[in-house]
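Protein chains: 2
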Amino acid sequence: MTAVHRHSEHPLVVVLSGPSGVGKDATIARIREAGVKFHYVVTSTTREKRPGEVDGVDYCFFKREDFSQKIERDGFLEYAEVYGNLYGVPKDEVRDALKRGLDVIIKVDVQGAATLKEKIPDAVFVFLLPPSMEDLLGRLKGRNADSEAAVSTRIRKAEEEFKCMPLFDYCVVNYNDDLDRTAQAVAGIITTEKHRVKPRVINI
Amino acid sequence: MTAVHRHSEHPLVVVLSGPSGVGKDATIARIREAGVKFHYVVTSTTREKRPGEVDGVDYCFFKREDFSQKIERDGFLEYAEVYGNLYGVPKDEVRDALKRGLDVIIKVDVQGAATLKEKIPDAVFVFLLPPSMEDLLGRLKGRNADSEAAVSTRIRKAEEEFKCMPLFDYCVVNYNDDLDRTAQAVAGIITTEKHRVKPRVINI
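So the protein lines, in turn, are chains A and B.
Position one of the first sequence corresponds to residue 1 (this note's numbering), numbered consecutively onward.
Position one of the second sequence corresponds to residue 1 (this note's numbering), numbered consecutively onward.
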């Protein structure tokens with residue numbers, strides 16, 4: 001058989017971002033539950049572990065000194081200090097997954113996505129949106145982990161973050177009552193990107 | 001409620017192309033069966049109606065004189081003479097469907113797609129591929145409508161057509177045993193395109 005065309009086997013880097021509380025973690029979990037195969041990059045952080053969080057699953061928890069050393073070794077694709085804690089995307093982990101041919105999903109805040117846009121311009125950038133600001137406010141209050149002041153800071157931050165939308169390729173509204181729809185939309189974006197005639201080539 | 005973002009309601013023009021015999025009609029039919037809503041543009045032609053074909057469904061059959069008059073009125077987005085018959089994509093029909101907010105699917109041969117790429121650069125261009133040239137040969141022979149010589153002409157034409165692939169946004173392999181997969185891929189492309197941050201704007 002003469003192969004007319006073989007689908008490109010260039011694995012993708014998908015950067016999933018959006019304001020705090022919009023449902024990035026729940027969306028990624030639902031995509032995995034739906035049987036989509038990908039490597040999820042666990043964010044490294046110096047933040048204190050919250051009750052119920054598991055090291056290596058929710059975050060990779062670092063001592064500040066170790067995190068700083070990894071920064072010096074250029075070990076992060078992107079890192080930032082947010083509310084006094086450091087968060088970073090480990091470079092070697094992304095590179096290893098791509099070498100194994102796996103699509104990679106990176107979850108970052110919008111500022112992080114803006115940095116990654118410079119570092120990995122050929123990644124697929126997806127902005128997750130709440131149906132409305134009121135909805136986002138409700139979600140943040142529902143978490144109960146933050147004070148009223150922190151919630152109001154996050155809302156102002158979200159408003160700023162919406163201004164970064166033009167950096168992104170796609171936006172998906174995460175309707176409260178339909179996480180399946182959100183997950184399907186993101187999974188569909190990944191599938192469609194694999195049908196591109198000119199594949200995205202990732203160099204990191 | 002403050003709407004943070006409303007999905008763009010810009011209807012798409014999807015140009016589905018690929019070599020003769022690859023399964024463009026079957027794919028479009030299956031997408032419709034799957035419940036995807038779109039306006040399908042029936043190609044106008046001066047070709048003789050074949051047994052079983054319905055005017056206005058398979059093609060809009062024109063007398064050559066009427067077709068020529070419509071050409072003079074600039075009534076076609078694209079038209080071409082193929083094997084001695086004229087084929088054209090009626091402009092008014094596409095424009096009307098878009099005005100009604102409907103996505104439009106246009107089926108054309110690859111040369112027609114190349115012309116449409118100049119006329120409607122912001123359309124979504126999808127190239128439907130056979131799994132192999134042998135497979136395409138088998139499909140053309142199976143049709144029984146063409147002579148051996150015509151089949152061999154079509155194969156040579158297909159080989160030329162593959163060279164136009166870079167004009168297209170996406171390519172989808174139409175596996176013989178899995179038309180659902182092909183239809184899902186094309187429907188997924190349409191859905192994903194609606195999530196673009198910068199919508200495609202069609203001016204015709």
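To be clear, the hints were calculated from the coordinates, so they are not data collected in a lab.
Glycine residues also receive a C-beta, built at the ideal position from the N, C-alpha and C atoms.
Heads up, a few of these hints could be off.
Here are a few chain B residues that face chain A, going by a calculated C-beta distance under 10 Å [what the hints assert, rightly or not]:
(1) F62
(2) E65
(3) D169
(4) V172
(5) V197
(6) V201
(7) I204
Checked hints:
1. F62: It is violated, given that the least Cβ distance between F62 (chain B) and chain A is near 33 Å, above 10 Å.
2. E65: violated (40 Å)
3. D169: holds (6 Å)
4. V172: holds (6 Å)
5. V197: holds (5 Å)
6. V201: Since the shortest Cβ distance to chain A is 15 Å, the answer is violated.
7. I204: violated (23 Å)
When the structure is compared with the earlier hints, violations turn up for hints 1, 2, 6 and 7 and for no others.
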